[in-house]
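Number of protein chains: 2
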Amino acid sequence: MANNLTAAFDIVADGSITTPRGFQAGGLHCGLKKTTRHDLGAIICEVPASAAGVYTTNVFQAAPILVTKDSIGEEGLLRGVIVNSGNANACTGKQGEADAFEMRAKFAEAIGVPAAHIAVASTGVIGENLKMDRVRDGIAKLPAKLAADVQGAADFNQAILTTDLVEKTACVRLELDGQVVHIAGAAKGSGMIHPNMATMLGFVTTDAAIGSAELTTLLRQATDLTFNMITVDGDTSTNDMLVAMASGLAGNATLTPAHPGWDAFAAGLRYVCEVLAKAIARDGEGATKLVEVQVRGAVSDDSAQAIAKTVIGSSLVKSAVFGADANWGRIIAAVGRAGQPVNPETVDIRLGDIVTLEQSRPIGFDEDAALEYLKGDTVVIHVDLHNGEGAATAWGCDLTYDYVRINAAYRT
Amino acid sequence: MANNLTAAFDIVADGSITTPRGFQAGGLHCGLKKTTRHDLGAIICEVPASAAGVYTTNVFQAAPILVTKDSIGEEGLLRGVIVNSGNANACTGKQGEADAFEMRAKFAEAIGVPAAHIAVASTGVIGENLKMDRVRDGIAKLPAKLAADVQGAADFNQAILTTDLVEKTACVRLELDGQVVHIAGAAKGSGMIHPNMATMLGFVTTDAAIGSAELTTLLRQATDLTFNMITVDGDTSTNDMLVAMASGLAGNATLTPAHPGWDAFAAGLRYVCEVLAKAIARDGEGATKLVEVQVRGAVSDDSAQAIAKTVIGSSLVKSAVFGADANWGRIIAAVGRAGQPVNPETVDIRLGDIVTLEQSRPIGFDEDAALEYLKGDTVVIHVDLHNGEGAATAWGCDLTYDYVRINAAYRT
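If you read the sequences in order, they're chains A and B. The opening position of the first sequence corresponds to residue 1440 in the numbering used here, with each subsequent residue numbered one higher. The opening position of the second sequence corresponds to residue 1440 in the numbering used here, with each subsequent residue numbered one higher.
To be clear, the hints were calculated from the coordinates, so they are not data collected in a lab. Hints may contain errors.
It does not matter which identical chain is meant; a pair holds if it fits inside one copy or across any two.
Stated by the list, open to error - Only pairs whose alpha carbons sit at most 30 Å apart, straight line, appear in this in silico DSSO-like list of lysine-lysine:
1. K1508 to K1728
2. K1580 to K1728
3. K1473 to K1814
4. K1814 to K1533
5. K1508 to K1814
6. K1580 to K1473
7. K1570 to K1728
Here the structure is a predicted model, which means the values were calculated and not measured.
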C-alpha cells in the first residue's frame, strides 16, 4: 500500500511541523521532568486553523482531553496547542481539571488569542497534580521560544517525549490547484501503546485549506489504519490524543470529497500518520525492532485487523522475535485465538520471504536464514488465511528485558 | 469465598491424584524432552470412570484434543489418560492425528482396555511430529511404572511439566452418604496462560459416584471461576485440556443436583481447581509472585470478570508489581479500557490493605509500607467500582526479565 500511496505526494525528508505555512513551534524545560530535557512545548498558528481531534477510548480521560474537546468543540478552530510531559494530569480530580483549564487560559493570554482556540495535552505519570508554579513560569517564557524553523520544531519534539528514545516526525507535500500543500506531524509514544489511541500524543499541521468536519473525517480514517493498528503492550492510556490543524495558507480551493485532490490529500495524511505510528511501534519501550504483521485472505478487513492485532500483541510472539526464534507455532496459536473465522486447514505463514507454514502444515525451512532474517531491525510476519478478501497490517515491537526494566520502576 | 468453600470439605495435605480409590499413575522419560525429566505419564482407573473434558477455545486444536473429545464423546467413560510433554503434537497435520490415535490405541492395548476409554494429552513445542519410536517404547514400559501410591502420582506430575518450576497438586475429602469421597488434581501451566483454557493441562480424579453429564456440568462451572480466571501472558494454546475421571468407588449415592451433597462436592471440585489455577499463575514463566485481582461493585459478575482479567493481563501492571511499584495509575487505566460500564468518579483501589485511590482520587499513602507489601510473594489488588453488585477474582503473575528470557529462545 505504502508504495501506491507515495505516488500521490512527495516525502519532504527535512520537513517538520513548522514546514506547513503559518506554524511556529518551540519548547523549554520548566521542571516537570527530573532530567533537563524539555517538558513544555507548543505549536501555534498565525491564523485560526481548522481543527480535528481523536481521543483515547479509555473510560478515565485525563483533564487535558476534556479541555481539548471543549476547545475544538467550540468552533472547530485552534490557534495553538500546549503540551507538557512528565505529568499526565490524569486521575487528578477537580484540581486537575482546573489546572488544565488554567494552562489553556494562561497560554491563550500569553499569545493573545481566545482561550477556546487552544488545545491542551499532557503525558507522564498518572495521579499527581501538576506543579502549576513551574507550568506558569514555563508558559510565560514559551512565546519567546516559538519559531517557524527547524529548531522550533525540534524543541517541541523533545518537549513531548517521555520514555521515547527518538523523536518521531514526518512531512510530505503535494500539489493542489497549482499550490504546494504540506502535511507534517510529530508524535510521542512509548509504553501503554495499543489500538484505539494508546499512550500517544500526535500533532499534525498542514497548510491545506480544509474545513474542520472534513479534516476530522480524514483524520479518523487515517487513525483507524495507522495509530489504531499499533500496539506495544496492549495498554491504552488515559491521555491519548491526536490533534490536527490546517492553516489554509497554501491557497488551494477548500478540500471536500468533490475536490479532485481529496484522495491525494487523504493519502498524504495517512502516510504521515503511518510513518509516525510505525516510529512509535519501533520505539516501543525496550524494543529492538519493528514488527509488522500483514494479514490477508480474511473474511473481511475488520476480521483481518482483529487477527493482525492479536498476533502483534502476543507476548509470546514478541518474545520469540526478540530472541530471533522462528517460532511460527506461536503465530498460528495467536491467529487461532483472535475470535475470528479461520479455516484451520488453509493458513500460510511467512517470515519475510521464508515460508514456514503452508496450508496449516509446517514445511522445512532454512533455520539459519530465518535466524539471520529475524536478527534484522524490521521483521514482517505474513499470514494468509485463504478464506476471503480481507486484509490489514498492524505494527508493534519485540518484548525485551528492557521493557520490563523500564516498566518495573517507571515512577522512581 | 475460599473460606466459605472450605467449610464443606477438608484439605488433604499429602493427597494426590492417586488418593481417590481406583486410580494409579506413573511416568517415565522416553526421550521427547532434552533433559532427563519424565516426559510420558499416565493415570489409569481400575473401573470405567465417568469422564468430563473442557478444551481450548483456540481455532487450531492439537491432535490430542481431537482424540480425547472422540474418546469421552463415545460413552462418557475413561479408563485412563496418557500424556506426553516436550512436543504438543499441534499443527502436525494428518500425521499428527494418526500419531495421537496411535498413542491412544497403543496405551489401551498395553493396559487391556478399549481404545475409546483412553484420553490423550500433549504439551510442548508446536509443529513438529512426535518421535513415535520413542513414544512407542515409552508406552510399552509405562504400565509397569503405574502405582496407586504417592510415588506414582509424583512421577506423573513430573511427566506433564514443560517450563514449570513446581508440580501443582491439590486434594480434598468430604463425606457423602456416610462415605469418604476424595477429589484430587494435578496440573501444568506455565506460559501461554490465559482465560478460556490456556496452555495448561489439568487432571482431576475422584472416587465419587457421579455421571459423566453431571461431572461435565460441575467441571465447566469450576473452570469458569478458576482456570478461566488466570492469565500469564494472554496467549491461549492449541492444547489446553482439563479432564476429570470419577471412579465411583467411594460408594456414595450417585450425585445429582437433588443429592444433599451436590453443593459440597461442587465446592470441593472448585477448590481443587482454584488451588491448581493459582499454582499455575504463581508459577507463570519467570514469575516471582502471585497477583490476585478482586473486583467488586461492578454491574454484573461477568462485567467484574472482564475487568479483573484486563487488570491481571496488563503488562504495565505486571511490570510494576515486579518492580514493587505502587503504580495504581496503571491499574485504573486498565480498568478504564476493559470495555465495561465504570463510573469514572467512584473507583477505589487498594493494594492489600493500603488504600491508594478513593472515589477515583489519589489519596496519600505510606510508600514504604506499599513497597514492603509489594515485595511479598502474593499481591492482592482490590478494585471497588461502587457501581453494582458484581464481583470476580482473577489471578496472574508479575512480568519479569525471566519471562522474556524463557520465551526468547524456547525452541532452542
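Verification of the hints:
no., hint, result
1, K1508 to K1728, "neither (35 Å within a copy, 41 Å between copies)"
2, K1580 to K1728, "neither (38 Å within a copy, 48 Å between copies)"
3, K1473 to K1814, "between (35 Å within a copy, 26 Å between copies)"
4, K1814 to K1533, "neither (49 Å within a copy, 33 Å between copies)"
5, K1508 to K1814, "neither (43 Å within a copy, 41 Å between copies)"
6, K1580 to K1473, "within (19 Å within a copy, 65 Å between copies)"
7, K1570 to K1728, "neither (36 Å within a copy, 35 Å between copies)"
Of the numbered hints stated above, those contradicted by the structure are hints 1, 2, 4, 5 and 7, listed in ascending order.
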